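Student: Here is what each chain is made of, one letter per residue.
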Amino acid sequence: QQQVKQSPQSLIVQKGGISIINCAYENTAFDYFPWYQQFPGKGPALLIAIRPDVSEKKEGRFTISFNKSAKQFSLHIMDSQPGDSATYFCAATLSGNTPLVFGKGTRLSVIA
Amino acid sequence: GAGVSQSPSNKVTEKGKDVELRCDPISGHTALYWYRQRLGQGLEFLIYFQGNSAPDKSGLPSDRFSAERTGESVSTLTIQRTQQEDSAVYLCASSPYFGDTEAFFGQGTRLTVV
Numbered sequence: 001q002q003q004v005k006q007s008p009q010s011l012i013v014q015k016g017g018i019s020i021i022n023c024a025y026e027n028t029a030f031d032y033f034p035w036y037q038q039f040p041g042k043g044p045a046l047l048i049a050i051r052p053d054v055s056e057k058k059e060g061r062f063t064i065s066f067n068k069s070a071k072q073f074s075l076h077i078m079d080s081q082p083g084d085s086a087t088y089f090c091a092a093t094l095s096g097n098t099p100l101v102f103g104k105g106t107r108l109s110v111i112a
Numbered sequence: 001g002a003g004v005s006q007s008p009s010n011k012v013t014e015k016g017k018d019v020e021l022r023c024d025p026i027s028g029h030t031a032l033y034w035y036r037q038r039l040g041q042g043l044e045f046l047i048y049f050q051g052n053s054a055p056d057k058s059g060l061p062s063d064r065f066s067a068e069r070t071g072e073s074v075s076t077l078t079i080q081r082t083q084q085e086d087s088a089v090y091l092c093a094s095s096p097y098f099g100d101t102e103a104f105f106g107q108g109t110r111l112t113v114v
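First to last, the sequence lines map onto chains C and A.
Residue numbers for the first sequence follow my numbering, so the first one is 1 and each next one is one higher.
Residue numbers for the second sequence follow my numbering, so the first one is 1 and each next one is one higher.
Since the hints were derived computationally from the structure, they do not count as laboratory data.
There are no misleading hints in this set.
If you want a taste of the chain C side facing chain A, the calculated C-beta under 8 Å gives, among others:
#	residue
1	Pro44
2	Phe89
3	Gly96
4	Leu100
5	Lys104
Predicted, not measured: the structure shown is a model, and the values here were computed from it.
For each residue, glycine too, the CB sits at the ideal point set by N, CA and C.
When you get a sec, could you build the whole thing from the sequences and use the hints?
Tutor: So, in structure tokens, the structure goes:
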């Protein structure tokens, strides 16, 4: 059972454009939603995270939008740069009860 | 301080052999997780350890897989009688506690079964 569905699988964005990655979850009890960034040959690293009590969180060029009623959340990368080219994973968990459940990942390529 | 360390970084083994993968978590982190990442796929949960509690083994794909952790330190993931479908990157992560906190990942062990 896939509890977190992520789309698209891959994304090509022009430098300076906006990258948007979407995730949908099934378990309404989830209360923590992080995004991880993974470069080739490296382990994933936390990028930004949100809890369901807010609808948006922004850190620099990265923004999470959260829609609790639709059970969806998305990552927006503003002014995308070639250095943002990586694989992005959304995840979800019920704090203290479950390990992180990850989406299948989105491979982002930012081209100049 | 050092991050999560995994060894070996690469392992090639023959089908049917046993392999042991090692994870050194960040000192003081009580929670430790193992994930498997097949080529082009997401992270598949295998097992987690939280302090002295019994580990959650619900993600282990078969009884050929097992893991141990000594206190709040080193963990080893053992795969017995390896099969070609076991080929993947095995990622270990640790966090200060089990819950809504950042999980710090190691670089992984790339296992190739030939």
